[in-house]
Amino acid sequence: MTDDTRVLGLAGLQALIDALGLRGYTVIGPTVRDGAIVNAPISSLDDLPRGIGDEQDAAHYRLRDRGDEALFGFAAGAQSAKPVLFPSDELLWRSRRTADVTVIDREVEPPPGPPYALIGVRSCDLRAILMHDQILLERTAADVHYAARRAESFVVAVACTDPAGTCFCVSMDTGPSPRGGYDLALTELYADGEHRFVVAVGTDRGAEVLAEVAATTATADDVAVAERVITEASGRMGRALQTDGLKYLLYANVESPHWDDVASRCLACTNCTLVCPTCFCTSVEDVTDLTGVNAERHRVWDSCFSEEFSYIHGGSVRESTRSRYRQWITHKLAAWEDQFGSFGCVGCGRCITWCPAGIDITVEAAALRGTPRKTSQRS
Amino acid sequence: MTSLAEHDHADAAAHALAAGDAMLPRPYRVVRTRQDTRDTVTLQLEPVDGVPLKFSAGQFTMLHAFGVGEVPISISGDPTKEGLLEHTIRNVGSVSGALVAAAPGTILAVRGPFGTGWDVSDGMGGDVVFITGGIGLAPLRPAILELLANREKYNRVALLYGARTPDDILFGDELRKWADLLGIVVEVTVDSGPHSWRGRVGLVTQLIPRIAFDPANTVALVCGPEVMMRACATALRGRGVPAASIRLSMERNMKCGVGLCGHCQLRELFICVDGPVLTYERLAPLMSRWEL
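Protein sequences, first through last, are from chains A and B.
Residue numbers for the first sequence follow this note's numbering, so the first one is 475 and each next one is one higher.
Residue numbers for the second sequence follow this note's numbering, so the first one is -8 and each next one is one higher.
No lab work stands behind these hints, which were simulated from the structure alone.
Treat the hints loosely; a few may be bogus.
[Claimed, not checked] Restraint ranges, calculated between C-beta atoms of paired labels, are given here:
no. : chain 1 : residue 1 : chain 2 : residue 2 : range
1   : A       : 722       : B       : 158       : 47 to 57 Å
2   : B       : 279       : A       : 787       : 20 to 30 Å
3   : A       : 722       : B       : 183       : 40 to 50 Å
4   : B       : 186       : A       : 570       : 31 to 41 Å
5   : B       : 10        : A       : 768       : 21 to 31 Å
6   : B       : 183       : A       : 831       : 41 to 51 Å
7   : A       : 614       : B       : 182       : 37 to 47 Å
A virtual CB, placed ideally from N, CA and C, is assigned to each residue, including glycine.
All chains should be modelled from the sequences, with the hints used to inform the complete structure.
Shown next, in the form of structure tokens:
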């Protein structure tokens, strides 16, 4: 928190949403649908999940009535911002074939749809967006569709004040309070009667938008209360993951018998990769119309849990579920570090919550620590 | 990681957009086709926009058949000559099936070239051993042609080639020319042959002890099925070739060719950008793990 720290009331937050809308953003925020918190277009505070909290545990997700008026009183929703900035299905190009010519049409410009303002992005999910920037924008080649969408995006982050049973952002050093990468960051205060939001400004653009709404300068007391609720939230993580030497632990346990144990429970359903905010693997699909004249090529989400994922002529490299779970967790907690300099897990806990078998990345990593290791298993 | 918080995503996105779309292919026209064996065809392609494709020996392209799909295929042509893009393709699936069936005049779409090269020139002043099995000769051919363009700069050069049957031997005329006129020791073996076959029968690894090279001063380029490459690397190590001087070309599922789709990962490696050509020094710990 800096001297720039401001405070918004409920009317001020509504004014912020309005101001973003007037600037041409499609404002996306948390809403309640089908018994879960999901991101959707919003225009009013009434769209937000007022007084709704959540209960999360392995293979368990329930909304609950908080008995208060909190607008952001829940933890990680069913999906992160990933489907907004990196949709599960993206048209790459179209082609048209006539008797003597094939035309390939680029379908990138203008950027698909109006720019997005994301309201209520949690610290874990914000960190995942920054990882996607690194992976999809800053390497050999970039995903131009992601680039177009991301270039124009506006992020209003929210500090988590009530983490869930599957949260472990503190272990992964990604939360619960956003530490940059946002335009504005809110900390919701409601416990002491006056419902208000302490606002940290991250960018000039954030400051410009905030100047259009009635924000007052935060008092020392506001700042102190905000820091206290975040500190308290840090102490209420439902899970923990010991990260010391994790890369070597995973690499050394490549032949651990524990993979068979996980495989006996894992359905290879791909839920974990679909809800993961950092998973970025994709495939491509070709679609033709009935005339055979027009074809489209789409980029779609894919998962290392599917058998086809590693298929080369003659068979799949990873035929067993054992090897696919090993690939997933080793990528998240080890290989990612070699590739990108950080863990590929932000501690949001979604893979634990949404696994139908309740497989828990923190438990499986801990189990590997307990697995006796033969010297021959070192790699 | 350098502070993610301080990075400028708008700037990175602008750069990314300016660099262009690596997923957008260029149309190429099939100029000539040649049936090499019963299941293998060489396509010669010319860019519709007329701009030739420069590549390094060992690199691949993503080759797309209209409405069917796209696969990574190594370039089999001559990197020292600017001309038609050449791909030698074995029919092993729906996309490669559509590619080998492409008649002259067909428009295909091409992205690339992608990946690392053989860097055969590192072998100048020393010996070079090429070892290959099956269609693996196609990705090695550009390196052989690159070497032959400067044959005098290399000492002993050998090509060990294993095919399934005599009918599956690729580039037969060229093999004879390389052996008879250009000073390459060419040893061919087949898995099985008819009674009329006078050549060798057996694994390509069995040829390794038969050839002369100076292990400390040899670059070995190996391309074939993974199990064959492992066996060859082990045999070469056994003769004293350093692991860093043994280069293998890895094959994995690839959907993008530029490190985005994630399919080709081998632990920390993206085979499409870190490879496909990698040293055995780098690969040895990864190749010894089943289903990694």
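Ascending list of hint numbers which this structure does not respect: 4
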